[in-house]
Amino acid sequence: MNETIHVSSSPHVRSKVTTRYIMYLVIIALLPATVFGVYNFGARALLTIVITVASSVLTEYIFEKCMHRTITIQDGSAALTGLLLALNLPATVPWWMGILGGVFAILVVKQLFGGLGQNFMNPALGARCFLLISFTSMMTNFEYHGESAATPLAALKAGEVVNTKDMLLGFTAGTIGETSAIALLIGAIILLWFGIIDIVIPGLYILTFVIFISLFGGHGFDPAFITAHLCGGGLMLGAWFMATDYVTSPITPKGKIIFGILLGILTGLFRLFGSSAEGVSYAIIISNIIVPIIDKYTIPRAFGKQKEKKGGAKV
Amino acid sequence: MKLVTFRGGVHPDDGKHWAKEAAIQPILPKGDLAYLLSQHIGAPAKAVVNVGDRVLKGQMIAEAGGFVSSPVFASVSGTVKAFDKRFNAVGTQVDAIIVENDGLYEEISYPEHKPFSEMSKEEVIKQIADSGVVGMGGAGFPTHVKLSPKDPDKIEYIIANCAECEPYITADYRRMLENPEKIIAGIKVVLSLFDHAKGILAVENNKPDCIKILQDLTKDEERIEVVPLRTKYPQGSERQLIYATTGRMINSSMLPADAGCIVDNVETLIAIDNAVNNGRPVTERVITVTGRAINKPSNLLAPIGINQTELIDFCGGFKENPEKVISGGPMMGFALFTTDIPLTKTSSCLLCRVHDPIADLPESACINCGRCVEVCPSFLVPARLADYANQHRPRHFQEWNGLECVECGCCSFICPAKRHLKQSIASYKKTVIAMNRQKAAEEKKLREEGEALKKKGGDDK
Numbered sequence: 001m002n003e004t005i006h007v008s009s010s011p012h013v014r015s016k017v018t019t020r021y022i023m024y025l026v027i028i029a030l031l032p033a034t035v036f037g038v039y040n041f042g043a044r045a046l047l048t049i050v051i052t053v054a055s056s057v058l059t060e061y062i063f064e065k066c067m068h069r070t071i072t073i074q075d076g077s078a079a080l081t082g083l084l085l086a087l088n089l090p091a092t093v094p095w096w097m098g099i100l101g102g103v104f105a106i107l108v109v110k111q112l113f114g115g116l117g118q119n120f121m122n123p124a125l126g127a128r129c130f131l132l133i134s135f136t137s138m139m140t141n142f143e144y145h146g147e148s149a150a151t152p153l154a155a156l157k158a159g160e161v162v163n164t165k166d167m168l169l170g171f172t173a174g175t176i177g178e179t180s181a182i183a184l185l186i187g188a189i190i191l192l193w194f195g196i197i198d199i200v201i202p203g204l205y206i207l208t209f210v211i212f213i214s215l216f217g218g219h220g221f222d223p224a225f226i227t228a229h230l231c232g233g234g235l236m237l238g239a240w241f242m243a244t245d246y247v248t249s250p251i252t253p254k255g256k257i258i259f260g261i262l263l264g265i266l267t268g269l270f271r272l273f274g275s276s277a278e279g280v281s282y283a284i285i286i287s288n289i290i291v292p293i294i295d296k297y298t299i300p301r302a303f304g305k306q307k308e309k310k311g312g313a314k315v
Numbered sequence: 001m002k003l004v005t006f007r008g009g010v011h012p013d014d015g016k017h018w019a020k021e022a023a024i025q026p027i028l029p030k031g032d033l034a035y036l037l038s039q040h041i042g043a044p045a046k047a048v049v050n051v052g053d054r055v056l057k058g059q060m061i062a063e064a065g066g067f068v069s070s071p072v073f074a075s076v077s078g079t080v081k082a083f084d085k086r087f088n089a090v091g092t093q094v095d096a097i098i099v100e101n102d103g104l105y106e107e108i109s110y111p112e113h114k115p116f117s118e119m120s121k122e123e124v125i126k127q128i129a130d131s132g133v134v135g136m137g138g139a140g141f142p143t144h145v146k147l148s149p150k151d152p153d154k155i156e157y158i159i160a161n162c163a164e165c166e167p168y169i170t171a172d173y174r175r176m177l178e179n180p181e182k183i184i185a186g187i188k189v190v191l192s193l194f195d196h197a198k199g200i201l202a203v204e205n206n207k208p209d210c211i212k213i214l215q216d217l218t219k220d221e222e223r224i225e226v227v228p229l230r231t232k233y234p235q236g237s238e239r240q241l242i243y244a245t246t247g248r249m250i251n252s253s254m255l256p257a258d259a260g261c262i263v264d265n266v267e268t269l270i271a272i273d274n275a276v277n278n279g280r281p282v283t284e285r286v287i288t289v290t291g292r293a294i295n296k297p298s299n300l301l302a303p304i305g306i307n308q309t310e311l312i313d314f315c316g317g318f319k320e321n322p323e324k325v326i327s328g329g330p331m332m333g334f335a336l337f338t339t340d341i342p343l344t345k346t347s348s349c350l351l352c353r354v355h356d357p358i359a360d361l362p363e364s365a366c367i368n369c370g371r372c373v374e375v376c377p378s379f380l381v382p383a384r385l386a387d388y389a390n391q392h393r394p395r396h397f398q399e400w401n402g403l404e405c406v407e408c409g410c411c412s413f414i415c416p417a418k419r420h421l422k423q424s425i426a427s428y429k430k431t432v433i434a435m436n437r438q439k440a441a442e443e444k445k446l447r448e449e450g451e452a453l454k455k456k457g458g459d460d461k
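Just so you know, the protein sequences line up as chains A and B, in that order.
Letter by letter, the first sequence follows residues 1 to 315 of this note's numbering.
Letter by letter, the second sequence follows residues 1 to 461 of this note's numbering.
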């Protein structure tokens, strides 16, 4: 008999899905939007993407090296954060902002809170909001085909008419990855197909948002207005790729429902009544912060357990 | 075909092809036999033989140590060599009676027993108890206790657990193909004890041949129905099986009888048939010896007490050196550090794996993906429970229903971070139960002391 026979607790088999597989699949699902962003905004977009991805991965590597921790850059989560951050930036940002964003996302939002799985808000969105607050003019300066242009949402807010067909396809001003609803939906289908994300959060997010703007948007149920809101801004990118971030969304089934609805309401509030045309980023990071509380109050009822009756009688 | 199932669960590679075609073969032991006195839940059995005694096959060598206990019978003829300790599958040392096999296989002349049709219900239960029948699916709960619920009239379903949802194991499958009439005879015995009960043979639909055979044999039986189950692990888990077949739910503080159900597995029903219809005690069982490391994967009818190394030799030994040997299936079985352990009434499988995938998969950080929540058949949040277990937070662990875990291992199986969730939860569950028990005992003591003081104070006045 072999001397090195292994002993461990059951189960003795494991599924093939790993963290790395999940992260790389999400990166693949983001490729249509990435490729379209580069096509739409040119080489400058590509440069921004390369810079943020590199700075994110490098920050993680250097931090873990300095802290004598296991290097985890091969799991793909840092690269994914970098990519998501780039897709949330205008192509025109200076190179140092890409680096700053990557460092902030990984160092401050992720690693200082304990690394993968411990961050309380989405690192890419945290960094985006940090840059938005610190460098507002550069973050809201959108150029399209070499000319300064307003994003469709800003135009919509100013009462202008927008071209919804261009918005669906993505030929508008905006951040690198957010413009093409079609490219993002292709990615979303990939994620749903491979079981990486569940429809609950993004589905309820979009549904609640649609109901909210139909009620309070002042246009009633106007398909053109709703399509413009759905395809404009970061909604598609946010709903499918960032609200579904495992770490910063609830783990309980009921919690996911509450989270989706909350996102829809907050986004509607910010977009309709806020001073900015945008609302997705703040809606998501604020909801992220509430997740621990949502989880705490939505502990699922175990199999065979009756509802706790008042008076302490527990069956 | 209408299929019933439960919510949650996983689909591991089933691996049943290894031993599926191998007909059940009897194996005769060569070396000494070791009979563990504790191979069931409850009080250990008490030896009734002395060193040097000659024993015959079928002779009781240890009697039940209480109501929740079960006697042990010799499976060969020979001489009692010693009382010693032997490792069981879980790795603890247990008192054992060692019998030297004389190779004659002389059987005792079994006492005349009443035919089943003339027995009263009490006599049937007594016959089952005296024959050493315990839950042979793995739990080892004495069957006569299960068959003596508080209110027998409230039992509405007798469920034969023919799911065999654990990958690799084919023992029950072969039994259903080769001895289906014994399973049905067994469930009829149990049905005779409960006037209002209906028999359900619950079979996973990855065994269509078994479903067909059992359906053909029971087509004229009014009280017995074959229910096909969707193939999914842990379909054979007691709580999940009851839910799938009857829609009733039980939790950790309930017994199947509380939901009007009694669940017995295939091998147990055959043991019941042997006990009641043939007057034979439990001296043997079918075990699957399988896996890539085994030369000839087989299903063996093996005597209780045989050294499991002999089973491997009988199956042609190892083709390749195994990295891991598991007693039971890959989802809930126990990894052995030696095969030098005796077969017990609850050994259903000996799985020898060439490659142990667990060793190649380091644990990484939880990414909160919720896959464990999706697959948990008890609707728990394993990721959180494992955290609370590792942080030793009993209050949170119980608030998140940690005590409801059935230890099926689906969470560990599915986890992309390869965390040992089930291990953390299952071991902490034991700690919490022990803590609660201790706390209850202390509270009781304090209360008694308080009452004594009060009484004393009253006397002083």
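Accuracy of the hints is not assured; some may be wrong.
Listed next, the in silico DSBU-like pairs over lysine-lysine satisfying Cα-Cα at most 35 Å (straight line) [to be verified]: (1) A:K307 <-> B:K439; (2) A:K16 <-> B:K16; (3) B:K16 <-> A:K296; (4) A:K296 <-> B:K418; (5) B:K456 <-> A:K305.
Treat the hints as calculated values from the structure; they're not laboratory data.
Taking the hints in turn, this is what the structure says about them:
1. A:K307 <-> B:K439: holds (25 Å)
2. A:K16 <-> B:K16: Roughly 19 Å between the alpha carbons, so the hint for K16 (chain A) and K16 (chain B) holds.
3. B:K16 <-> A:K296: violated (42 Å)
4. A:K296 <-> B:K418: Holds - the C-alpha atoms of K418 (chain B) and K296 (chain A) are around 25 Å apart, at most 35 Å.
5. B:K456 <-> A:K305: Cα-Cα ~44 Å, so violated.
Hints 3, 5 from the earlier list are contradicted by this structure; the remaining hints agree with it.
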